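> Each chain, letter by letter, is given below.
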Amino acid sequence: MTKEKAEKSLYEKRVDGRKFDELREIHAKVGVVPNADGSAIFQQGDTIAIAAVYGPKTLNPKHCQNPEKGVLRVHYNMLSFSVGERIKPGVSRRSQEISKVTEWALSPIVMLEDLPGTVIDIHINILQANAGTRCAGINAAAMALCHAGVPMTEMISAVAIGKMDQTIVSDVTKEEEDYEEGEGATDIPMTYLSNSEKITLLQLDGRIAMSRFKEVLDAGKEACKKINEFQIKALKEVE
Amino acid sequence: MVYNVTKKNVIEALNKGERTDMRGLFEHRPIQIQFGVSNKAEGSVRVKIGKTEVVAGIKMATSEPYTDHENEGTMVTSMELLPLSSPNFEYGQPTIEAVEIARIVDRGIRESGFIDFKKLCIKEGEKVWSVFIDLATINDDGSLIDASALAAILALLTAKKPVYDEKEDKISFGEFTDEKLPLNLDKMPLTMTFFKLGDKIFTDPTREEEDSSDGRLTIEISKPAKEEYVNAMQKGGEACFTQDEILNILEEGKKIYKKLNSLVEEEIKKFDKGAKKKYENSK
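Heads up: the protein sequence lines correspond to chains A and B, in order. Read the first sequence against the working numbering and you will find it ends at 234, with the numbers running on by one and no gaps. Read the second sequence against the working numbering and you will find it ends at 379, with the numbers running on by one and no gaps.
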């Protein structure tokens, strides 16, 4: 059914020659920030994210503590030189939102109820950006959490699924995000948990017929499975 | 923050398939709409959903276009969670809650193609119209995303361009033309948020229900052809969703879209009738 619909699409071949469900080349490594309790770098094609975890540690000021469960704080930041036109350093509305959705994506798998009164700080920095930075950030952060030995229920992987005109593709690039033919580009970043197959991040912008949505979720599940293998492999390589 | 006892009451009601105020899971509170909260604004509206009340105002200005969209007007959406509307809101920098609402509303309108930005170009590369959608809370009792999104759409639908002198590049604020904004009415983007608590999913929560919930999924739908399209989505909060839950939410979204759409059409028809009379009288 997918194939039949895809044939009518204007987007017949991907700009970088990948198959529709093929991911960009992935490089992942943990232990890249010696000062941190856990850290990881995750590269997917031209997108590079580095994440560091500090904690669990006592949360100060004390009145911010939660006696029932720990607090997860995510700080997502794009370096000013990570994109074409320089972006102003510091917090933007966009980065605030991404920090928050990343927090929401990660906190279900961290056993925060076992860490009352503490905070876990996750710092995500984007060194080089070519779409899918929030997903690369989550992938790096998940590995950094494991590396720090933070108790987790399962692993998490993130991917940006796209729809170029009528074609559903995995792991979109910036060039694809700007595709304008037919129905144009739709960008759908999402996460899948490795065991329960639940979704903890889902955003969308663009236009997609409701009847196509199941294909998107299925593509995301497949892609996240593949990404998960890279994350696990890198975690096993830690010295 | 929510008291355990409140959350317990919310869960007990949901388990019976109803709400603390006896509504059904997908039954929204009464919606009241009143246009013209400020006669200085190009368009303005007050939306009440139950006890929640949000105002939206459209202001316009001319500006330079962005370098990568030289023949397109611009749009800026902002949200203020006014301390007047709740003891939970405080003065200071916009909080992440306010920023997120503004961004969700903005994305829904932008991605649906509701505004024809090319028609907001005055002189390519030099001068375009900027549309400011400013939202503010008057009373908070939950569902601020949906109330804000609805208010933004209604304000846009009723906005009239101000009188503009192109030679002098001067806008005569407070004087309006009879010209509406360039909107693609067939794309009417409407927003609805589904909340999750345990394994129960419901819409239009009160503040107590919203604070008790584990998380939410906002979807923005338009219906440019026979089938409904999704133009924007955002998962919020710590809840996890299964694939089936998401697909069910989309189905439920279609039904809500239909209801909301007829409400908007009706209100706009009423407004247009009144506005025509008013415009003719002013001449």
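Since the hints were made in silico from the structure, they are not lab data. This one's a predicted model, so the numbers in the text were calculated from it and none came from an experiment. Be careful, since some hints might not be right.
Simulated restraints on C-beta separations [unchecked claim]:
id, chain 1, residue 1, chain 2, residue 2, range
1, A, 86, B, 281, 55 to 61 Å
2, B, 354, A, 52, 48 to 54 Å
3, A, 10, B, 136, 24 to 30 Å
4, A, 173, B, 354, 29 to 35 Å
5, B, 268, A, 75, 36 to 42 Å
Where a beta carbon is used, it is the ideal one built from N, C-alpha and C, also for glycine.
> State for each hint whether it applies.
For each hint, the structure was consulted:
1. 86(A) with 281(B): 55 to 61 Å: 37 Å, violated
2. 354(B) with 52(A): 48 to 54 Å: Taking Cβ atoms as reference, residue 354(B) and residue 52(A) lie about 51 Å apart, which means the hint holds.
3. 10(A) with 136(B): 24 to 30 Å: Because 48 Å falls outside the window, the suggested range is violated.
4. 173(A) with 354(B): 29 to 35 Å: 34 Å, holds
5. 268(B) with 75(A): 36 to 42 Å: Hint holds: Cβ distance 41 Å, inside 36 to 42 Å.
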